[in-house]
Amino acid sequence: MTDPAEGAELMERPAAAWPSDEIAGLYEQHQRAIYYLALRFLGDSQRAEDATHDVFLKAFRKLDQFRGESSARTWLYRIAINHCQNLQQSWHHRHVLPNSDDAIWEMSAAKTDSPLRVLETKELGQRIQQTLDRLSEEYRLLLLLVADEELSYEQIGVLVGQSTDAVRGKLHRARKTFAALFEQSA
Amino acid sequence: MKQRSKLSQQQTQNVEHDARQETRQQSGQEFATADELLRFDAAQTAVPPHLAERLKESMANAGPPPRRSWWHRLLG
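First to last, the protein sequences are chains A and B. Counting from 1, position 123 in the first sequence corresponds to residue 123 in my numbering; the numbering is continuous, with no gaps. For my numbering, count along the second sequence from 1 and bump the result up by 1000.
Everything labelled a hint here was simulated from the structure, so no lab data went into it. Predicted model, so just to flag it, every value in this text is computed and none were measured. Where is the CB? At the ideal position from N, CA and C, for every residue including glycine. Any given hint could turn out to be false.
To be verified - Cut-off 16 Å, straight-line C-alpha distance, at most; resulting in silico cross-link-like pairs (EDC-like, lysine to aspartate or glutamate):
no., chain 1, residue 1, chain 2, residue 2
1, A, K176, A, E138
2, B, K1056, A, E49
3, A, K62, A, E22
4, A, K176, B, E1036
5, B, K1056, A, E28
As the list claims (entries may be wrong) - Between beta-carbon pairs, the in silico distance windows are:
no., chain 1, residue 1, chain 2, residue 2, range
6, B, G1063, A, A186, 50 to 60 Å
7, B, A1060, A, S163, 38 to 48 Å
8, A, H172, B, E1057, 16 to 26 Å
9, A, G169, B, P1064, 41 to 51 Å
10, A, S70, B, T1045, 21 to 31 Å
11, B, A1062, A, S90, 18 to 28 Å
12, B, H1050, A, G169, 33 to 43 Å
13, A, S152, B, A1043, 19 to 29 Å
14, A, E137, B, A1043, 20 to 30 Å
15, A, E183, B, E1057, 39 to 49 Å
16, B, T1045, A, Q162, 21 to 31 Å
17, A, Q162, B, P1049, 34 to 44 Å
18, A, Q184, B, G1063, 42 to 52 Å
19, B, G1063, A, E183, 44 to 54 Å
Between the sequences and the hints, there should be enough to build the whole structure, so can you do that?
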């Protein structure tokens, strides 16, 4: 005969619930954006998962500090950027040579703007990651943020601590550099 | 008879449509900018489904979220 306590232990644990509707809504609405930023910024799916977990846990702990002056998306991005940058610094993942972007920019500057052609979407993510990895942290971050259509140039400027004009200028160079490197990776 | 020919016309159209789709896939896709390419990539990227459960458990272990202080509530 089975001991009832033992039987209870054998039963599946009920799924954990979100502590509040607010945090459930935050996760539901912004999980993809935060995970994608972490994934392409860190370049590793396991690290991105851990980072996304930590970002939302920090947000949960700091929920009382969120005043609603900025949008929830930019508030979460701020936590995510700080977290990912700290991870990169502490794990010595900074392999970028000084002025490497400038060198590629000079090389690509003469080229006319041409569309980015993709023949195989199967390994597209890998190719994008390789291209992003060759960019400086600043350019990578700017491109990832501008890819989010919910963010304005002004909001991106606030997130990276630069003026809107500086963001525009740097993004122009970042896009060119990305296109040149992406072409090389084909 | 008429119905059959109509059906075969529909089948022919389907085959042509499939062929066009295949050609498009073979010739690949074009993205005007890096932004467009990254948006496409983001849309294709799925968040690991078990992450939500992991997070719920961590939040449950972390205890209740801190309450807003009285001056915070007062000043908004």
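Hints and how they fare:
Between A:K176 and A:E138 the alpha-carbon distance is near 14 Å, which keeps this suggested pair within the 16 Å criterion. Only pairs whose Cα atoms come within 16 Å are accepted, and B:K1056 paired with A:E49 is accepted, the gap being roughly 14 Å. A C-alpha spacing of about 13 Å is found between A:K62 and A:E22, which places the hinted pair at or below 16 Å, so the restraint holds. About 13 Å separates the Cα atoms of A:K176 and B:E1036, which keeps this hinted pair within 16 Å; it holds.
Between B:K1056 and A:E28 the CA atoms are separated by roughly 12 Å; this keeps the pair inside 16 Å, and the hint holds. Between B:G1063 and A:A186 the beta carbon distance is about 51 Å. The supplied range of 50 to 60 Å therefore holds. The hinted window of 38 to 48 Å between B:A1060 and A:S163 holds, with their beta carbons roughly 43 Å apart. With their beta carbons about 44 Å apart, A:H172 and B:E1057 fall outside the hinted range of 16 to 26 Å.
About 46 Å separates the C-beta atoms of A:G169 and B:P1064, a value consistent with the hinted range of 41 to 51 Å. With their beta carbons about 25 Å apart, A:S70 and B:T1045 fall inside the hinted range of 21 to 31 Å. Restraint check, B:A1062 to A:S90: a C-beta distance of roughly 22 Å satisfies the suggested window 18 to 28 Å. For B:H1050 and A:G169, the hinted distance range of 33 to 43 Å is satisfied, since their beta carbons lie about 41 Å from each other.
For the pair A:S152 and B:A1043, the beta carbons lie near 20 Å from each other, so the given range of 19 to 29 Å is met. Separated by about 24 Å at the C-beta atoms, A:E137 and B:A1043 satisfy the suggested range of 20 to 30 Å. For the pair A:E183 and B:E1057, the beta carbons lie near 45 Å from each other, so the given range of 39 to 49 Å is met. Checked against the hint of 21 to 31 Å, the pair B:T1045 and A:Q162 passes, with Cβ atoms roughly 27 Å apart.
The hint said 34 to 44 Å for the Cβ distance between A:Q162 and B:P1049, and at roughly 36 Å that hint holds. Between A:Q184 and B:G1063 the C-beta distance comes to about 51 Å, which sits within the given range of 42 to 52 Å. In this structure, B:G1063 and A:E183 meet the distance hint of 44 to 54 Å, their C-beta atoms being roughly 51 Å apart.
When held up to the earlier numbered hints, the structure conflicts with hint 8 and nothing else.
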